[in-house]
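Engineer: What follows is each chain in one-letter form.
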Amino acid sequence: MEVHVAHVVDILLVEDNPRDAELIERAIKQHNIANPIHVIEDGAEALDFLFCRGRYSNRSFYQKPKVIFMDLRLPKVSGLEVLREAKADPRTASIPIVIVTSSREDPDISTAYKLGVNSYIVKPVEIDAFFEVMSRLGLYWILVNQPPQ
Amino acid sequence: MHSPTAEVSGNSKDPPKVIASIYVIAASLYIYISDYLLTWAPGSSPPSLGGQTWRGWIFVLVTGLLLYGALRRWSAHLRRAQHSLMLTQFALDNAVEAVYQFDRQGRILYANRTACASLGIPIARMKQKTVFDLEPGLTAEEWGNRWQRRMDGSALKIESAHLTADGGLRPVELSGSVISFGEESLDFTFALDLTERNRAADALLQREARFRRAVEEAPIPIMIHAEDGSILSLSRTWTELTGYTKEELSTLAEWTKRAYGPRRAEVEDHIRETYGFTAGKHEGEFTIRCHDGSERFWEFTSVALGSLPDGTRVAISMAHDSTEQERAESSLREKSEFLGAVIACSPVPIIATDADGTVIIWSPSAERVFGWTAAETVGRMLPTITEHGLDDYISLRARVLAGETLNGVEVERQKKNGDSFTARLSASPLRDAQDLVIGIMMSVEDITEEKASEEKIRNLNRELESRVKERTAELEAANKELEAFSYSVSHDLRAPLRAVNGFAKILLEDHGSQLDEEGIRIAGVIVQSARDMGRLIDDLLALSRAGRTQLSLAKVDMEGLARAAFAELTAPSAPSAIDFQMGKIPGTVGDASLLRQVWRNLLANAIKFSSRQAHPAITVQGWLAEEECVYSIQDNGAGFDMKYSENLFGAFQRLHTTREFEGTGVGLAIVKRIVERHGGRVWAESKPGQGATFYFTLRREDE
Chain V
429 MEVHVAHVVD
439 ILLVEDNPRD
449 AELIERAIKQ
459 HNIANPIHVI
469 EDGAEALDFL
479 FCRGRYSNRS
489 FYQKPKVIFM
499 DLRLPKVSGL
509 EVLREAKADP
519 RTASIPIVIV
529 TSSREDPDIS
539 TAYKLGVNSY
549 IVKPVEIDAF
559 FEVMSRLGLY
569 WILVNQPPQ
Chain C
23 MHSPTAEVSG
33 NSKDPPKVIA
43 SIYVIAASLY
53 IYISDYLLTW
63 APGSSPPSLG
73 GQTWRGWIFV
83 LVTGLLLYGA
93 LRRWSAHLRR
103 AQHSLMLTQF
113 ALDNAVEAVY
123 QFDRQGRILY
133 ANRTACASLG
143 IPIARMKQKT
153 VFDLEPGLTA
163 EEWGNRWQRR
173 MDGSALKIES
183 AHLTADGGLR
193 PVELSGSVIS
203 FGEESLDFTF
213 ALDLTERNRA
223 ADALLQREAR
233 FRRAVEEAPI
243 PIMIHAEDGS
253 ILSLSRTWTE
263 LTGYTKEELS
273 TLAEWTKRAY
283 GPRRAEVEDH
293 IRETYGFTAG
303 KHEGEFTIRC
313 HDGSERFWEF
323 TSVALGSLPD
333 GTRVAISMAH
343 DSTEQERAES
353 SLREKSEFLG
363 AVIACSPVPI
373 IATDADGTVI
383 IWSPSAERVF
393 GWTAAETVGR
403 MLPTITEHGL
413 DDYISLRARV
423 LAGETLNGVE
433 VERQKKNGDS
443 FTARLSASPL
453 RDAQDLVIGI
463 MMSVEDITEE
473 KASEEKIRNL
483 NRELESRVKE
493 RTAELEAANK
503 ELEAFSYSVS
513 HDLRAPLRAV
523 NGFAKILLED
533 HGSQLDEEGI
543 RIAGVIVQSA
553 RDMGRLIDDL
563 LALSRAGRTQ
573 LSLAKVDMEG
583 LARAAFAELT
593 APSAPSAIDF
603 QMGKIPGTVG
613 DASLLRQVWR
623 NLLANAIKFS
633 SRQAHPAITV
643 QGWLAEEECV
653 YSIQDNGAGF
663 DMKYSENLFG
673 AFQRLHTTRE
683 FEGTGVGLAI
693 VKRIVERHGG
703 RVWAESKPGQ
713 GATFYFTLRR
723 EDE
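Chains as they are written, first to last, in this note's numbering: chain V, 429 to 577; chain C, 23 to 725.
Treat the hints as calculated values from the structure; they're not laboratory data.
Be aware that a few hints might be false.
[Unchecked claim] Lysine-lysine pairs mimicking DSS-like chemistry, simulated, CA-CA at most 30 Å apart: (1) C:K151 with C:K179; (2) C:K502 with V:K542; (3) C:K606 with C:K630; (4) V:K504 with V:K515; (5) V:K504 with C:K502; (6) C:K709 with C:K665.
These numbers come from a predicted model, not from an experiment.
Just chain V, with the same shape it has in the complex (with noise of 0.2 Å):
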């Protein structure tokens, strides 16, 4: 089924639990933050829609997102998979990957970094700072940093 979607996706959210999902975009809409924001719940529905294919094939390379905030465990692809192809292909390399995971493993964060990620955020464990950052990582990619044109 083709998924009919705004062609202006600001905020682009791969994260697999629905739950923390919601949370997050709450706390990215803390700050009155009123930009399209669109959920992708697996690694391969990402890169279709970063690749306009598959169910988001009618969107165009043109439409990139401010930012992408993705978490590095997602189903049938990983996020690293994901930033991976992302940063390989010209076409979607400019786009803006802030990594928001629970690992703060070390070998995720050095490959995240060696593939091009542009932040790499680990999940507060308190909820309080959890949405603290997660507002704040809105707050700055929307309207502090100045995205690729």
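Guided by the hints, dock chain C onto chain V, whose structure is given.
Structural biologist: Relative to chain V, chain C alone:
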């Protein structure tokens, strides 16, 4: 009679001729004159020479001739007698002995040349002397005695001394006799110069003394004995070795009795034969008994030594004391037997060869191991060397012959049945008395089994190692799995936790107005519980990590760690609120990050419990004990009853209700696990209301 002169005959005048001539002339004259006178009577004419006168003259002539002849014969006779006398005189004068002629008064009437020369007194002065001058100490009485005795005919031999010209005394033997010529008697004394004789006698005595001394001082037992059973000379060594004194060995019989006891008869027979030995004869070994009862072995050599003046034959016997030799030999035999026994009973083959490789010794164990018997090997070349091991053998043998001792060298050898095997060789050089190497002594141990065992052990070890490796790998794998598990658990657990927390918050934030007080409280409980669970998960993770992580050991500055931990814990609140005291504490060796946790947890504990006090105080101390460092953290908090403290360090054990003090109770368990992993121990002391002191020990830095 006047002393004969030394004149040699040679009468220039011819007395017979002269006398005869005078007679003839005188007689003729007489005849002439007488005739004339007769015929001339007073007044008559001178007569003419008548015929009677011519007859007278012829008569005178004839008688004159006869007289001449007779006188000549007599003269010749006289001359002969004179010659004889002169010869005798000459002989006497030059006799070997000094010859003197004394008169009754002792006056020297004559002294021959020898006498004068001997005493150094010229003949002229000699004639002025008397016998009393010559013989000092001779009394007139003595002289008279002598004279008388000589006159009686005894040819006395007297030893005396004559005074020489220079005042010395010449020893003489005087002999002679008194010759009487009618009323006159004269003494003829022969004085034999004894100087030479004495000297000879002395020399002889000295030689004898030297000989005697030689015998007595000889380093071997020597005895000079005579046929009559007497012992003429006995060397000191004889008495020293036997312990008998010279007095005890006064005769041969005494010697044989003491030394041989019941065997003496036989020995005495031997001794009797010695007087006939013309050359030195070795008589063999005799066992003699010494004074102290011990036995010695003497080898006798004897030879005849001439005879005593009275004809008794003398022999000299010399002994070689071979007791020590015998003892050494028997000791050597003993040692040899002992060695033989050792070699025989050794379980390891013992072989000895000479320098060429000919077998000298082949022990019973060699027979057993190699298969060749001693009869087959002794006297022949070593049969045990394999073709393959020949070079090795040659080089090793050269080394031992050069003086090297080999110990435990592995070599190849072969048995009689052809099997070759590995052996352990130990070899040392055999040396003679001059320390030259004359052979090789070796032990050759069959180590086939040993090698097999070694191989087995090696294999077992290898197996063990690989098993250990396997296990370690397994363990590591298990550890990794566990780590992955705990990691995943904690993270997986967190997600729903986050959800509970998050949504509860959302509920309160967004719909709190729709809830009543109770509803709000319940939501609060939900949030709190989620929070608690989160903390629990963290603690569990920490505990698990504390037990799992590999210790990275290094020198740890405990003081620094403690201060840092305290700073971390108190940074939020006002640090000065707590009176924190810490002196110098020793460093240790351990994992810094884990030890930081220890400080964190213990200090957090202390802070938690002392913070209720009006003046909270925490004291940290540390000191070096015999084999460890001890640290203590003391707080002035609530303290606890030791009665309930059994499981103080157990996970999730709490001694206070959550109402009193919050905490999951894992902190101390983590401390215990970390400290114990470092090889130390933890304990605590407290009294309710009087604070608590927690102790833990760690390794000393210098160990």
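Engineer: For each hint, tell me whether it holds in the structure or not.
Structural biologist: Status of each hint after checking the structure:
no.	hint	result
1	C:K151 with C:K179	holds (22 Å)
2	C:K502 with V:K542	holds (25 Å)
3	C:K606 with C:K630	holds (24 Å)
4	V:K504 with V:K515	holds (19 Å)
5	V:K504 with C:K502	holds (24 Å)
6	C:K709 with C:K665	holds (10 Å)
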